[in-house]
Amino acid sequence: METSENQIAFKEETLKEVGRITAQFPEGMQKSALLRVLHLAQAEFGWLSVPVMDYVARLLHVNPVEVYEVATFYSMYDTQPVGKVKLEVCRTGPCMIEGAEHIVKYIEDKLGIKDGETTADGIFTLKTVECLGACGYAPMLQAGEKFHEHLTEAKVDELIEKYKANPVANYMGM
Amino acid sequence: MARKLLLENAHIEGIHTYDVYRKNGGYRSVEKTLKTMSPEDVVEEVKKSGLRGRGGAGFPTGMKWSFIAKPDGVPRHLLCNADESEPGTFKDRYLMEKIPHLLIEGMIVSSFALGANHSYIYIRGEYMYVLHILEKAIAEAYANGWLGKNIMGSGFDLDLSVSPGAGAYICGEETALIESLEGKRGNPRMKPPFPAVKGLWQRPTVVNNVETIAAVVPIVNEGGDAYAQIGIGRSTGTKLISAGGNINKPGVYEIEMNISVEEFIYSDTYCGGIKNGKKLKACVPGGSSVPILPHYLVCKTAAGQDRLMTYESLADGGFAAGSMLGSGGFIVYDEDQCIVRNTWNFTRFYHHESCGQCSPCREGTGWMEKVLHRLEYGHGKMEDIDLLWDIQRKIEGNTICPLGDAAAWPVAAAIRHFREEFEWHVKEPKACMERNYGLVAEKIFEPATA
Ligand SMILES: Cc1cc2nc3c(=O)[nH]c(=O)nc-3n(C[C@H](O)[C@H](O)[C@H](O)COP(=O)(O)O)c2cc1C
Ligand code: SF4
Ligand code: FES
Chain A
4 METSENQIAF KEETLKEVGR ITAQFPEGMQ KSALLRVLHL AQAEFGWLSV
54 PVMDYVARLL HVNPVEVYEV ATFYSMYDTQ PVGKVKLEVC RTGPCMIEGA
104 EHIVKYIEDK LGIKDGETTA DGIFTLKTVE CLGACGYAPM LQAGEKFHEH
154 LTEAKVDELI EKYKANPVAN YMGM
Chain B
722 MARKLLLENA HIEGIHTYDV YRKNGGYRSV EKTLKTMSPE DVVEEVKKSG
772 LRGRGGAGFP TGMKWSFIAK PDGVPRHLLC NADESEPGTF KDRYLMEKIP
822 HLLIEGMIVS SFALGANHSY IYIRGEYMYV LHILEKAIAE AYANGWLGKN
872 IMGSGFDLDL SVSPGAGAYI CGEETALIES LEGKRGNPRM KPPFPAVKGL
922 WQRPTVVNNV ETIAAVVPIV NEGGDAYAQI GIGRSTGTKL ISAGGNINKP
972 GVYEIEMNIS VEEFIYSDTY CGGIKNGKKL KACVPGGSSV PILPHYLVCK
1022 TAAGQDRLMT YESLADGGFA AGSMLGSGGF IVYDEDQCIV RNTWNFTRFY
1072 HHESCGQCSP CREGTGWMEK VLHRLEYGHG KMEDIDLLWD IQRKIEGNTI
1122 CPLGDAAAWP VAAAIRHFRE EFEWHVKEPK ACMERNYGLV AEKIFEPATA
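Protein sequences, first through last, are from chains A and B.
Using the numbering used here, read the first sequence as starting at 4 and increasing by one per residue.
Using the numbering used here, read the second sequence as starting at 722 and increasing by one per residue.
Honestly, I wouldn't trust all of these hints.
Claimed, not checked - Pairs of lysine-lysine, BS3-like flavour, derived with a Cα cap of 30 Å:
1) A:Lys113 - B:Lys996
2) B:Lys970 - B:Lys1021
3) B:Lys1021 - A:Lys165
These are calculated hints, taken from the structure and not from any lab test.
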């Protein structure tokens, strides 16, 4: 994705939201808003490119390196381009014993991609993730903010059709 | 029917909205606190209740609160730990989603007790939709005068905000949580100083789990003594258990801490028994970090007594023959599950989640993951089992934060109780790769092809 620095700016309403969030912290502690603002940035710009991170740094008056540090530490941030819909399948113990490995394999075969890859049409990225706090409703995946639980092959088929028709499932963040 | 203190009203239509919550007795504890109690009174009731932290370690909450430093002119903070990332645990999500005002009510009373005027709920980033539910409920609480300036004319001010993480188990550790809330990487801090002295922005801070804070509501309403009547010994009150794995009725249950493990697993009120009529092979009763129990130690202790769903009884036998209540993430394994594979899976988790600051944790978890991988995939040697034992022992106790221990314990317990199964992976790699195990008669496992 080509984005020159001055093209990057949040929408008016997102800027308002940034203002609301930073006001939740005492004067001088605006850096505390960073994680949430990065969620907003990812929702709006698709992924966290260097120019996007630099923009966030300017907004919060911190050094760019402080943003890079955070963006690379947390698993929810994408510092590389991803598909419009990220299918994040839980692979941890309780989900594994209820069939998560089979669901991952099923999605891989269906979409013709491996864990971590994006479909050629740019719609889906498949990512295995660690426990999402839905262990009793396993196997499960998250797409955007939505939890899809008690997965079966039929449910996966349905989900993929649905997102193909309307590929919006990124973090709303707000 | 068991008494419920937290989830009693969770089934009521619309209970997530302010009006319905209030009509069902919501915010009574705030009225009682602000009209009739001093902060010290609240701390005293919590002490009397015997409430212990529900986040995993079980530290007495009243005592923790009384440790908070009170230097003049320095603001104090209460942080709610809603990071909930311990595999097997999904109770806090349930509580916040179903009955968000209960947490808010608990936050108000607890903040008053601690003298905090701005409190935060730190919630894992993957629960973003729950964050929206909480923010909506918080807005309702402000609109109805339960938050903001001079609440109910008491002179007490409180702001409450929610802040998300972004995918990192380590941010559940309280000092990593603080770092993360300051907008940094989630690297745990060296202690001392403890958060009670220097926490968020170097100010005195208390970190408590969602369920702990919610429990303060019934404690204030009914009194600490009444709360302490429920349960056995030092396990007072009710506990949320999130039950998963190979059971008929997975879900979140509120139990009085006096029922037996057997009742919890087999009664229809709770888990409803093992799925598909299979046999119980093992159980991890308190989240992935606690020692796994083989079937013969799940319902009975080593001394042959009934094991109960309490802090003490689950720990009975120490690490040799017991486990821990932990976070209440109760995972049940049937006879078909492979212990080596499960241990490898958990170790991969800890390796993935290690923040990387200490070499025993960073390197040790990676090394254990590799060894377990080769055992599981048929390339293991007998010496690998002792090697694993050795690595986990060298991690335990040698790290900045307890994630190192949390990674070591499951490996130690798996080898201690299922050594034969590890050996079988070396002796019969092909049969094991086909992953056909059965708990036959008294044996822990037996490959179906043998
Ligand atoms: C690696 C690690 C992860 C933790 N994760 C959580 C968590 O997700 N939620 C939680 O409440 N406590 C978690 N804890 C425990 C917290 O550090 C802290 O003890 C707890 O929030 C205190 O609250 P409590 O006294 O109310 O239990 C974790 C601890 C460690 C070492
Ligand atoms: S024990 Fe592990 S997670 Fe904890 S501080 Fe050390 S490296 Fe980080
Ligand atoms: S193990 Fe998959 S949600 Fe917990």
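Status of each hint after checking the structure:
The suggested pairing of Lys113 (chain A) with Lys996 (chain B) holds, with an alpha-carbon distance near 29 Å, which does not exceed 30 Å. Distance restraint check for Lys970 (chain B) and Lys1021 (chain B): the Cα-Cα separation of roughly 22 Å lies within the 30 Å cut-off, and the hinted pair is therefore satisfied. A threshold of 30 Å between alpha carbons decides the hint, and for Lys1021 (chain B) with Lys165 (chain A) the separation of about 49 Å lies outside it, so the pair is violated.
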